[in-house]
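Can you make the complete structure from the sequences, with help from the hints?
Those sequence lines, one after another, are chains A and B. Oh and the first sequence: position 20 is 27 in our numbering, straight run, nothing missing. Oh and the second sequence: position 97 is 945 in our numbering, straight run, nothing missing.
Simulated from the structure, these hints should not be mistaken for laboratory data. One thing to keep in mind: the hints can contain errors.
[Claimed, not checked] Footprint (simulated), chain A over chain B, 3 or more residues, beta carbon under 8 Å:
{"no.": "1", "segment": "860-870"}
{"no.": "2", "segment": "914-925"}
{"no.": "3", "segment": "946-956"}
[Said to hold, decoys possible] Derived DMTMM-like pairs: lysine to aspartate or glutamate, alpha-carbon spacing no greater than 20 Å straight-line:
{"no.": "4", "chain 1": "A", "residue 1": "Lys56", "chain 2": "A", "residue 2": "Asp92"}
{"no.": "5", "chain 1": "A", "residue 1": "Lys65", "chain 2": "A", "residue 2": "Glu95"}
{"no.": "6", "chain 1": "B", "residue 1": "Lys861", "chain 2": "B", "residue 2": "Glu930"}
{"no.": "7", "chain 1": "A", "residue 1": "Lys110", "chain 2": "A", "residue 2": "Asp92"}
{"no.": "8", "chain 1": "A", "residue 1": "Lys110", "chain 2": "B", "residue 2": "Glu923"}
{"no.": "9", "chain 1": "A", "residue 1": "Lys65", "chain 2": "B", "residue 2": "Glu949"}
{"no.": "10", "chain 1": "B", "residue 1": "Lys905", "chain 2": "B", "residue 2": "Glu949"}
{"no.": "11", "chain 1": "A", "residue 1": "Lys56", "chain 2": "B", "residue 2": "Glu949"}
{"no.": "12", "chain 1": "A", "residue 1": "Lys56", "chain 2": "A", "residue 2": "Glu95"}
{"no.": "13", "chain 1": "A", "residue 1": "Lys110", "chain 2": "B", "residue 2": "Glu900"}
{"no.": "14", "chain 1": "A", "residue 1": "Lys56", "chain 2": "A", "residue 2": "Glu78"}
{"no.": "15", "chain 1": "A", "residue 1": "Lys110", "chain 2": "B", "residue 2": "Glu930"}
[Stated by the list, open to error] Label-pair restraints from in silico Cβ distances:
{"no.": "16", "chain 1": "B", "residue 1": "Thr853", "chain 2": "A", "residue 2": "His89", "range": "47 to 57 Å"}
{"no.": "17", "chain 1": "B", "residue 1": "Leu943", "chain 2": "A", "residue 2": "Glu78", "range": "42 to 52 Å"}
{"no.": "18", "chain 1": "A", "residue 1": "Ser19", "chain 2": "B", "residue 2": "Thr947", "range": "48 to 58 Å"}
{"no.": "19", "chain 1": "B", "residue 1": "Gly851", "chain 2": "A", "residue 2": "Ala61", "range": "24 to 34 Å"}
{"no.": "20", "chain 1": "B", "residue 1": "Gln902", "chain 2": "A", "residue 2": "Ala24", "range": "38 to 48 Å"}
{"no.": "21", "chain 1": "A", "residue 1": "Leu27", "chain 2": "B", "residue 2": "Gly890", "range": "47 to 57 Å"}
{"no.": "22", "chain 1": "A", "residue 1": "Glu22", "chain 2": "B", "residue 2": "Leu943", "range": "14 to 24 Å"}
{"no.": "23", "chain 1": "A", "residue 1": "Pro47", "chain 2": "B", "residue 2": "Gln892", "range": "13 to 23 Å"}
{"no.": "24", "chain 1": "B", "residue 1": "Thr868", "chain 2": "A", "residue 2": "Ser77", "range": "41 to 51 Å"}
{"no.": "25", "chain 1": "B", "residue 1": "Thr855", "chain 2": "A", "residue 2": "Met90", "range": "28 to 38 Å"}
{"no.": "26", "chain 1": "B", "residue 1": "Arg903", "chain 2": "A", "residue 2": "Ala24", "range": "38 to 48 Å"}
{"no.": "27", "chain 1": "B", "residue 1": "Gly864", "chain 2": "A", "residue 2": "Arg118", "range": "30 to 40 Å"}
{"no.": "28", "chain 1": "B", "residue 1": "Thr947", "chain 2": "A", "residue 2": "Leu25", "range": "28 to 38 Å"}
{"no.": "29", "chain 1": "A", "residue 1": "Ala61", "chain 2": "B", "residue 2": "Thr886", "range": "34 to 44 Å"}
Predicted, not measured: the structure shown is a model, and the values here were computed from it. Even for Gly, the Cβ is constructed at its ideal location relative to N, Cα and C.
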Amino acid sequence: AQSVTQLGSHVSVSEGALVLLRCNYSSSVPPYLFWYVQYPNQGLQLLLKYTSAATLVKGINGFEAEFKKSETSFHLTKPSAHMSDAAEYFCAVRLVMAGTASKLTFGTGTRLQVTL
Amino acid sequence: KAGVTQTPRYLIKTRGQQVTLSCSPISGHRSVSWYQQTPGQGLQFLFEYFSETQRNKGNFPGRFSGRQFSNSRSEMNVSTLELGDSALYLCASSLNRATYEQYFGPGTRLTVT
Numbered sequence: 008a009q010s011v012t013q014l015g016s017h018v019s020v021s022e023g024a025l026v027l028l029r030c031n032y033s034s035s036v037p038p039y040l041f042w043y044v045q046y047p048n049q050g051l052q053l054l055l056k057y058t059s060a061a062t063l064v065k066g067i068n069g070f071e072a073e074f075k076k077s078e079t080s081f082h083l084t085k086p087s088a089h090m091s092d093a094a095e096y097f098c099a100v101r102l103v104m105a106g107t108a109s110k111l112t113f114g115t116g117t118r119l120q121v122t123l
Numbered sequence: 849k850a851g852v853t854q855t856p857r858y859l860i861k862t863r864g865q866q867v868t869l870s871c872s873p874i875s876g877h878r879s880v881s882w883y884q885q886t887p888g889q890g891l892q893f894l895f896e897y898f899s900e901t902q903r904n905k906g907n908f909p910g911r912f913s914g915r916q917f918s919n920s921r922s923e924m925n926v927s928t929l930e931l932g933d934s935a936l937y938l939c940a941s942s943l944n945r946a947t948y949e950q951y952f953g954p955g956t957r958l959t960v961t
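Right, here's the structure in full:
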């Protein structure tokens with residue numbers, strides 16, 4: 008079965024510092040991986056996706072993630088945090104297998120706090 | 849292009865009642881999925897609809913049901929509401945089943961008292 012583990016339910020960084028949010032996946036077949044962001048009282052916004060093309064994926068708002076098969080990881084990074092980045096971030100995996108249905112499985116989320 | 853819309857945004861119901869939530873996908877999108885978000889269980893997949901047919905279902909009791917119309921709009925229904933059904937219900941649409949990214953609506957906040 009597919010699953011996603013996000014290490015750290017809360018991460019706090021200073022404005023201007025590096026953001027690193029960790030995500031590890033478990034999958035028996037090549038997965039499709041996503042990062043979403045959720046601001047208070049809103050739905051989820053897609054930040055970026057990995058669909059087996061380039062292993063380094065660039066997303067919106069300066070975020071990027073690198074797919075590392077050997078480490079089964081898909082960590083999200085941003086070189087310099089901004090106050091507006093404060094939100095909850097979700098990593099998700101979706102399997103695509105011929106002849107079967109697929110669904111999006113989410114991690115438990117990481118709340119990012121950005122301090123002055 | 850307008851995003852995914854969900855109505856109503858907020859809802860308060862009493863235990864034992866039933867509720868219907870509505871979702872209008874992005875224009876041209878034919879696949880609609882529903883998720884339940886709670887502080888305790890996180891984001892959980894409810895079901896997926898494509899071409900008016902349920903294609904995938906999560907581990908929820910039969911009280912949770914849904915449907916999709918010919919214009920791709922979708923509704924989900926919860927019967928005999930329980931306190932534990934209080935949650936944010938999110939709808940997501942994608943162009944088709946071969947397009948893997950999903951675009952989410954703002955959600956419907958359901959409170960069961």
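Hint by hint, here is what the structure shows:
Given as covered by chain A, the segment 860-870 of chain B fails the check, having 0 residues with a CB less than 8 Å from a CB of that chain where 3 are the minimum. Counting residues of the segment 914-925 of chain B whose beta-carbon sits less than 8 Å from any beta-carbon of chain A gives 0, not enough to reach three: the coverage restraint is violated. Judged by the Cβ-Cβ criterion of 8 Å, the segment 946-956 of chain B is covered by chain A as claimed, because 8 of its residues qualify and three suffice. A threshold of 20 Å between alpha carbons decides the hint, and for A/Lys56 with A/Asp92 the separation of about 18 Å falls inside it, so the pair holds.
A hinted pair counts as satisfied when its Cα atoms are at most 20 Å apart, and A/Lys65 with A/Glu95 qualifies at roughly 19 Å. With a CA separation close to 10 Å, the supplied pair B/Lys861 and B/Glu930 stays within the 20 Å bound. Taking the CA atoms of A/Lys110 and A/Asp92, the gap is about 27 Å. The hint is violated against a cut of 20 Å. Under the criterion of a C-alpha separation no larger than 20 Å, the hint pairing A/Lys110 with B/Glu923 is consistent with the structure, at around 19 Å.
Of the supplied pair hints, the one linking A/Lys65 and B/Glu949 holds, its CA atoms being roughly 15 Å apart against a limit of 20 Å. Between the alpha carbons of B/Lys905 and B/Glu949 the distance comes to roughly 18 Å, so the proposed pair stays at or under 20 Å and holds. About 7 Å separates the Cα atoms of A/Lys56 and B/Glu949, which keeps this hinted pair within 20 Å; it holds. For the suggested pair A/Lys56 and A/Glu95, the alpha carbons sit about 17 Å apart, so the restraint of at most 20 Å is met.
Distance hint between A/Lys110 and B/Glu900 is fulfilled; the C-alpha atoms sit about 17 Å from each other, no more than 20 Å. Our distance criterion of 20 Å between C-alpha atoms is met by A/Lys56 and A/Glu78, whose separation comes to about 18 Å. For the hint linking A/Lys110 to B/Glu930, the alpha-carbon distance of about 26 Å lies beyond 20 Å, and the restraint is violated. Taking 47 to 57 Å as the suggested C-beta distance range, the pair B/Thr853 and A/His89 does not conform, at roughly 29 Å.
Restraint check, B/Leu943 to A/Glu78: a C-beta distance of roughly 31 Å breaks the suggested window 42 to 52 Å. Checked against the hint of 48 to 58 Å, the pair A/Ser19 and B/Thr947 fails, with Cβ atoms roughly 36 Å apart. Take B/Gly851 and A/Ala61: their Cβ atoms lie about 27 Å apart, and the range 24 to 34 Å holds. Under the hint 38 to 48 Å, the C-beta atoms of B/Gln902 and A/Ala24, about 46 Å apart, fit the expected range.
The hint said 47 to 57 Å for the Cβ distance between A/Leu27 and B/Gly890, and at roughly 21 Å that hint is violated. The supplied range of 14 to 24 Å is broken by A/Glu22 and B/Leu943, whose beta-carbon atoms lie about 37 Å from each other. Checking the proposed 13 to 23 Å range against A/Pro47 and B/Gln892 shows it holds: the Cβ atoms sit about 20 Å from each other. At roughly 47 Å, the beta-carbon separation of B/Thr868 and A/Ser77 lies within the given 41 to 51 Å, and the hint holds.
In this structure the hint that B/Thr855 and A/Met90 lie 28 to 38 Å apart at CB holds, the actual value being about 32 Å. Between B/Arg903 and A/Ala24 the C-beta distance comes to about 43 Å, which sits within the given range of 38 to 48 Å. Between B/Gly864 and A/Arg118 the Cβ separation comes to about 34 Å, which falls inside the hinted range of 30 to 40 Å. Taking 28 to 38 Å as the suggested C-beta distance range, the pair B/Thr947 and A/Leu25 conforms, at roughly 32 Å.
Here the CB-CB span from A/Ala61 to B/Thr886 is close to 35 Å, well matched to the stated 34 to 44 Å.
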